[in-house]
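With our numbering applied, the sequence shown closes on residue 72, and no number is skipped along the way.
One thing to keep in mind: the hints can contain errors.
Unchecked claim - Below, simulated DSSO-like cross-link-like pairs (lysine-lysine); rule was C-alpha separation at most 30 angstroms, straight line:
(1) Lys35 - Lys52
(2) Lys17 - Lys43
(3) Lys52 - Lys63
(4) Lys35 - Lys63
Stated by the list, open to error - Between beta-carbon pairs, the in silico distance windows are:
(5) Lys43 - Glu71: 52 to 62 angstroms
(6) Glu14 - Ile54: 53 to 63 angstroms
(7) Gln21 - Asp62: 29 to 39 angstroms
(8) Ser60 - Ala34: 54 to 64 angstroms
(9) Thr66 - Phe25: 54 to 64 angstroms
(10) Phe37 - Asn59: 50 to 60 angstroms
(11) Glu14 - Asp40: 50 to 60 angstroms
(12) Glu24 - Lys63: 48 to 58 angstroms
(13) Thr11 - Asp51: 41 to 51 angstroms
(14) Glu70 - Glu42: 49 to 59 angstroms
(15) Glu50 - Ile27: 44 to 54 angstroms
(16) Ile27 - Asp62: 31 to 41 angstroms
Keep in mind that the hints were calculated from the coordinates and are not lab data.
Quick reminder that beta carbons are idealized off the backbone N, C-alpha and C, glycines included.
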Amino acid sequence: MSLPMDWRGETPPEIEKALEQMREFIIDDARSLAKEFYRDLEKEYEYLTEDKQIIEALNSNDKRFTRDGEEI
Numbered sequence: 001m002s003l004p005m006d007w008r009g010e011t012p013p014e015i016e017k018a019l020e021q022m023r024e025f026i027i028d029d030a031r032s033l034a035k036e037f038y039r040d041l042e043k044e045y046e047y048l049t050e051d052k053q054i055i056e057a058l059n060s061n062d063k064r065f066t067r068d069g070e071e072i
């Protein structure tokens with residue numbers, strides 16, 4: 001990644017190196033947060049799709065079904 005720092009010419013190598021380190025840090029941090037977010041979503045999905053939770057949701061909405069899955 002190259003960013004012009006002034007009108008006179010090249011970006012100093014120290015700045016380029018610092019920018020690259022910052023970019024890597026930001027990308028690593030974003031990936032870490034994305035993984036954590038995904039793990040949380042998986043846990044929530046597993047919780048919400050447990051038989052117990054589905055039964056509770058159906059019961060709280062007064063839904064009754066036959067063994068064939070038809071609503072009573």
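Structure-based check of each hint:
Taking the CA atoms of Lys35 and Lys52, the gap is near 27 angstroms; set against the 30 angstroms cutoff, the hint holds. With a C-alpha separation of about 39 angstroms, the suggested pairing of Lys17 with Lys43 is violated against the 30 angstroms cut-off. Restraint check: the Cα-Cα separation between Lys52 and Lys63 comes to about 15 angstroms, which is no more than 30 angstroms; the hinted pair holds. For the proposed pair Lys35 and Lys63, the alpha carbon gap of about 36 angstroms is over 30 angstroms, so the pair is violated.
Here the CB-CB span from Lys43 to Glu71 is close to 30 angstroms, at odds with the stated 52 to 62 angstroms. The hint said 53 to 63 angstroms for the Cβ distance between Glu14 and Ile54, and at roughly 59 angstroms that hint holds. One distance hint, 29 to 39 angstroms for the beta-carbon pair Gln21 and Asp62, is violated here, with the actual separation near 59 angstroms. Checked against the given bound of 54 to 64 angstroms, the beta carbons of Ser60 and Ala34, roughly 33 angstroms apart, lie outside it.
For Thr66 and Phe25, the Cβ-Cβ distance of about 58 angstroms falls inside the hinted range of 54 to 64 angstroms, so the restraint holds. Range check, Phe37 to Asn59: Cβ separation about 31 angstroms, and the 50 to 60 angstroms hint is violated. Separated by about 39 angstroms at the C-beta atoms, Glu14 and Asp40 break the suggested range of 50 to 60 angstroms. Restraint check, Glu24 to Lys63: a C-beta distance of roughly 51 angstroms satisfies the suggested window 48 to 58 angstroms.
Between Thr11 and Asp51 the C-beta distance comes to about 60 angstroms, which lies outside the given range of 41 to 51 angstroms. Between Glu70 and Glu42 the beta carbons are some 32 angstroms apart, a value that contradicts the proposed interval 49 to 59 angstroms. Between Glu50 and Ile27 the Cβ separation comes to about 35 angstroms, which falls outside the hinted range of 44 to 54 angstroms. Separated by about 50 angstroms at the C-beta atoms, Ile27 and Asp62 break the suggested range of 31 to 41 angstroms.
Of the numbered hints given earlier, the model fails hints 2, 4, 5, 7, 8, 10, 11, 13, 14, 15 and 16; all others are met.
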